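Undergrad: On the provided structure of chain A, position chain B as indicated by the hints.
Chain by chain, the residues run as shown.
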Amino acid sequence: MSSPTATLTRPVDTEPAVVEQTVVATDPTKLRRAGRRAGALAWKGIKPAVAIVVFLAVWETAPRLGLVDEVFLPPLSTVLGSLADLITSGQLADHLGASLSRALIGFSIALLVAVPLGVAIGWYRPVAELLNPILELFRNTAALALLPVFVLVLGIGETSKIALVIYASTFPILLNTISGVRTVDPLLVKSARSLGLPSYRLFQKVILPAAVPTIFTGIRMAAASSVLVLIAAEMVGAKAGLGYLITASQLNFQIPAMYAGIIAISLVGLTFNGILVTIERRLSRWRPEH
Amino acid sequence: MSTTPKLRLEHVTKQFAVRGSNDTFTALDDVSIDLAAGEFLVLVGPSGCGKSTLLDLLGGLSEPTSGRILLDGRPISGPGLDRGIVFQQYALLPWRTARANIEFGLEAKGLPKKQRRALADDYLDLVGLAGFGDRYPHELSGGMKQRVAIARSLAFDPEVLLMDEPFAALDAQTRESLQDELLRIWKETGKTILFITHGIDEAIYLGQRVAVLTSRPGRIKTIVDVDIDRNVDDVRSGEAFRHYRHEIWSLLHSEVERARDLELGTATEEVEHV
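Just so you know, the sequences run in chain order A and B. Per the working numbering, the very first residue in the first sequence carries number 1; after that it's consecutive. Per the working numbering, the very first residue in the second sequence carries number 1001; after that it's consecutive.
Chain A extracted, bound-state conformation:
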């Protein structure tokens, strides 16, 4: 603990004793503070993982200790083994591909339809006031309740599943776009109009950027519900897809494969949301929250 400042000042005069004392006194507190800071930093990195690690550990040990029936809840390692098998055999890729293509096609169609439509409805106030109640009604009608209707009308093929995804994702996007466009600060509109901006420019430069955060909330809600609805539809009637994988595994008593399918779905949901959050951040960097 010999600090260079202390040794340097020692030969000068009567002061060094004091100097050394203070240096010695501050060094450990500094160290302790640095240590605490490093600890805080490490904790910050670890914290989000703690609950997950505990959860996974319980999953692994509970069946092994006989706390739950190993047949119905196999240990995590068994499930991961089964997941690896599904990956190497290419089965998972097939099911994942089937689900993702349905989800993405449906979601994209919903996006392409709902954003422009929402903008148009939001822009024309009377139209918005006229249509809002019926849109609320549709939104609050659980998409799954309509699954039998879709199957009846469109059959059990791809069409009905994609249609269901479109239905489930359209309303959150539509309603949020409408409210985003309608709640643009009127002062901004007034200020832009006073510059003599033509309507389409006003739209492009003021209304749309102002509405983006609200629209994105709708998009994320839509993404979540599109996955949810799709899995449910695949469970009811399909020949491929993650939902199918889960029910089929359960019926064939391949319990580890069933859990592997569930894990795959969680990862798909997390990835979907992660991508959207990243895009959202990029688009709304100007907001004080970020």
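Think of the hints as simulated: they come from the structure by calculation, not from any bench. None of the values given here were measured: they were computed from a predicted structure. No incorrect hints appear here.
Here are the computed lysine to any residue pairs in the SDA-like style, where the Cα-Cα straight-line distance is at most 20 Å:
1. A:Lys205 to B:Trp1095
2. B:Lys1113 to A:Gln204
3. A:Lys205 to B:Pro1112
4. B:Lys1109 to A:Ser199
5. A:Lys205 to B:Asp1134
TA: Same frame as chain A, now just chain B:
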């Protein structure tokens, strides 16, 4: 005066329909003012004197019921870049940086990108915000936001600058320093400025002339020529300043009283602003 005034309001009257009846409400009644080129005129009035109505008319966002508004002798038709408006609440686009906000008006003018950027930086400099160009509005204080808003309205080089109580939302110290800044900018650019306020001190400090408005309907009561030396220390405590303050206060006071009586009398009456 032989030359045409920069901005002329000629017997401007604005009426609105009153909701649920055939009556009309007169917001502005026969308002006539001339602004010479390069003049700094302040409008001061009690609430209900039709300030915002007047600003909408000048901005070209609505049309007078009768009378005309002439800019350089030509009647104004709709909004345009020959008038720049500075609002009390800044009206900055929150998703654009300070610089991009200033460029906004220049985009409307159709300037190429390089020129826009150069001009924006010049005007950031003019309002004392050089180096703050990349900040977003939420990263700026109220006073800085208003500087950006002023720079934005000046950058596209309007014939007149219309200012709607621009400093009312700021704290007293910031307000005083921005008043000085505005006077400096006015002298540097030689712009014609029409400034609306309800602060008497602010009106006297800034205006070469102060027009006192009446309320309900808004009319020009008097126009006071302000002739004080603003180069001395603490102008606001000077003899001349106090004299003007008392004069305008007396003119306004009776209006404020009248406005209050009217407000109490017509509290139930709802006005439809179209």
